[in-house]
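From first to last, the protein sequence lines stand for chains A and B. So for the first sequence, the working numbering puts the first residue at 1; every next one is plus one. So for the second sequence, the working numbering puts the first residue at 305; every next one is plus one.
Source of the hints: derived by calculation from the structure; they are not laboratory data. Even for Gly, the Cβ is constructed at its ideal location relative to N, Cα and C. It cannot be assumed that every hint is accurate.
To give an idea of the interface, some chain A residues facing chain B are shown, with a C-beta separation under 10 Å as derived from the structure [said to hold, decoys possible]: (1) Leu76; (2) Val179; (3) Tyr183; (4) Leu187; (5) Gln194.
Pulled from the structure, derived: some chain A residues nowhere near chain B, Cβ distances all over 12 Å [to be verified]: (6) Gln38; (7) Thr94; (8) Ile168; (9) Phe177.
Not the full set, but computed from the structure, chain A residues with beta-carbon under 10 Å of chain B [what the hints assert, rightly or not]: (10) Leu160; (11) Glu162; (12) Ala165; (13) Lys171; (14) Thr173; (15) Glu175; (16) Gly182; (17) Phe184; (18) Ile191.
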Amino acid sequence: MKADNTYNENSSSNKLPKSLCVNPFTVPPTYFEELAHQTLFLVKCELNFPSNKTSFTVPENYFDKQASTLLTTIKLEKNLKKDTFSVTENYFQTAADQIMSQVKIDELKNVEPAIPADYFTTLSTKILNRIEQSELSIEKKDTGFSLPADYFEIAQNNILGEIAAEKIKEKVTQEGFEVPTGYFDSLTSKINNQKEENKVIQLPVRKPQTYRKVAWYSAVAAASIAAFIGFSTFYPENEPIVENEILSLNEIPEDEIINYLAKYSDASDLQYIAEYIYQPQDDSKGIGSEVTNEVLEDYLNYTL
Amino acid sequence: MEDSLIIAKFTDEGTREEAFGMLLKKYQQKIYWHVRRMVINHDDADDVVQDIFIKVWRNLDKFREDSQLYTWLYRIATNECITFLNKKKQKQNVSLDDENSAYLSESLADGAYFNGDQAQMKLQQALLTLPDKQRLVFNMKYFEDMKYDEISNVLGTSVGALKASYHLAVKKIENFFSSHD
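Produce the complete structure using the sequences and hints provided.
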């Protein structure tokens with residue numbers, strides 16, 4: 001609400017010049033509007049919070065005690081101003097030395113001692129190793145178990161190796177090899193066919209009661225003869241006469257024949273052969289002397 | 305299919321063929337891959353595998369069951385692989401004491417029945433830098449996941465030596481990968 005300018009009210013009788021009828025005083029802008037609000041606010045405060053009523057409280061008997069508290073405080077301040085403390089004899093003479101010593105100690109704390117490089121980075125590992133060793137020695141005392149020399153070093157290498165292998169497996173997930181389509185289905189029949197095609201004079205099944213050494217030995221002799229016949233076919237200058245070869249085998253030690261056979265068979269055959277080697281009688285004509293032409297011919301038919 | 309059943313049936317002449325069929329069904333793929341990893345070439349592996357099983361047919365009746373059947377089979381297969389590889393070296397005039405298997409690189413390079421990516425080819429090339437027996441140990445441990453005790457029974461080598469050989473092989477392969485990146 002704008003206030004009307006009432007400055008010149010009731011001044012009509014003064015007969016002042018018009019230039020002096022101008023109000024020389026000014027107020028801040030919106031002063032009168034704010035004045036109304038402020039006045040109303042104060043009225044509300046007065047209504048809600050009468051000046052004779054306060055919301056602050058004090059402890060019981062506060063004012064009664066206040067006087068004595070104040071007096072005590074005053075006395076304490078007076079006493080503090082008096083010099084009532086004492087010091088030991090020559091305190092101040094020694095105080096300086098003590099202070100300088102403490103300063104030097106503090107300076108030393110700031111000085112770093114010389115330590116090996118990477119000391120702290122390896123310290124934790126060393127401590128853990130010492131702990132492990134001490135625990136291990138305790139275990140050794142308790143359980144009686146011992147370890148191979150350099151066990152932990154070897155174990156560490158093994159573990160690192162396994163980790164490296166795992167890393168390779170992560171890089172290479174498959175091998176890459178392939179087989180022709182249907183290969184494994186046909187492999188079984190191939191093996192069975194070859195099994196039939198490659199039938200040789202089998203060494204008899206080991207039967208403790210029915211085993212016949214003589215027939216078995218004949219097969220070994222026949223094999224050795226066939227080997228020499230094979231040799232003679234590659235060297236035609238030698239006379240490929242079977243009867244002569246049979247007779248010449250008498251001069252060859254049995255060990256040499258076995259070694260020759262072993263070269264062309266696997267160790268299991270050799271072992272089997274060695275177990276059942278025929279021991280010729282004193283009057284025997286030697287190896288091959290009891291091989292008949294029929295046995296020899298059968299053997300050659302199967303192997304050549 | 306229990307190995308003891310196969311052996312028992314093989315002992316009886318009337319069921320020998322059946323037992324051999326069971327054995328083939330159970331082991332032929334394992335033996336094939338064991339051989340293939342060593343000889344690389346499929347046709348060579350085919351020949352060697354057939355020789356192995358013919359030998360098994362001939363000698364299974366002599367198997368004394370003082371080891372597991374598959375250990376015995378692996379022993380035969382391993383010996384046949386080594387024999388084949390030695391013959392191949394002789395044919396190519398490579399020393400038997402040669403410290404790597406580079407003579408097989410041609411088989412790998414021709415790519416027959418090999419469909420691996422670059423990483424897989426690199427691994428096979430890395431393996432060919434190993435001597436045959438070390439490669440054998442690596443294959444059995446890494447690809448076939450055999451235990452050291454089992455490998456020891458197959459090869460007749462101590463467990464400690466096998467571990468050392470394996471980890472040396474892994475290290476060489478790692479170095480190969482690093483130098484060929």
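Report holds or violated for the interface hint on Tyr183 of chain A, using the least CB-CB distance to chain B and a cut-off of 10 Å.
-> Since chain B brings a Cβ to about 8 Å from Tyr183 of chain A, closer than 10 Å, the hint holds.
Against chain B, run the beta carbon of Lys171 of chain A and see if the smallest gap drops under 10 Å.
-> It holds, given that the least Cβ distance between Lys171 of chain A and chain B is near 5 Å, below 10 Å.
Does the interface hint hold: is Thr173 of chain A within less than 10 Å of chain B, judged Cβ to Cβ?
-> Check passed: Cβ of Thr173 of chain A comes within 8 Å of chain B, closer than 10 Å.
Taking the least C-beta to C-beta distance, is Glu175 of chain A closer than 10 Å to chain B?
-> holds, 6 Å
Distance rule for Thr94 of chain A, whose beta carbon must clear each one in chain B by more than 12 Å | Holds, because the least Cβ-Cβ distance between Thr94 of chain A and chain B comes to about 71 Å, which exceeds 12 Å.
Interface hint outcome for Phe184 of chain A [beta carbon to chain B under 10 Å] | Given a least distance of 6 Å, the restraint on Phe184 of chain A holds.
Against chain B, run the beta carbon of Ala165 of chain A and see if the smallest gap drops under 10 Å.
-> At 5 Å from the nearest chain B Cβ, Ala165 of chain A passes the 10 Å test, so the hint holds.
Under the criterion of a CB-CB separation shorter than 10 Å, is Leu76 of chain A in contact with chain B as hinted?
-> Because about 84 Å separates Leu76 of chain A from the closest Cβ in chain B, which is outside the 10 Å limit, the hint is violated.
Decide, holds or violated, for the assertion that all CB atoms of chain B are farther than 12 Å from the CB of Phe177 of chain A.
-> At about 6 Å from chain B, Phe177 of chain A fails to clear the 12 Å cut-off, so the statement is violated.
Quick one, is the Leu187 of chain A hint okay against chain B at 10 Å, beta carbons?
-> holds, 6 Å
Report holds if the minimum CB distance from Ile168 of chain A to chain B is greater than 12 Å, and violated otherwise.
-> violated, 6 Å
Quick one, is the Gly182 of chain A hint okay against chain B at 10 Å, beta carbons?
-> Violated: closest Cβ of chain B sits about 13 Å from Gly182 of chain A, beyond 10 Å.
In the structure shown, a violation is registered for the earlier hints numbered 1, 8, 9, 16, in ascending order.
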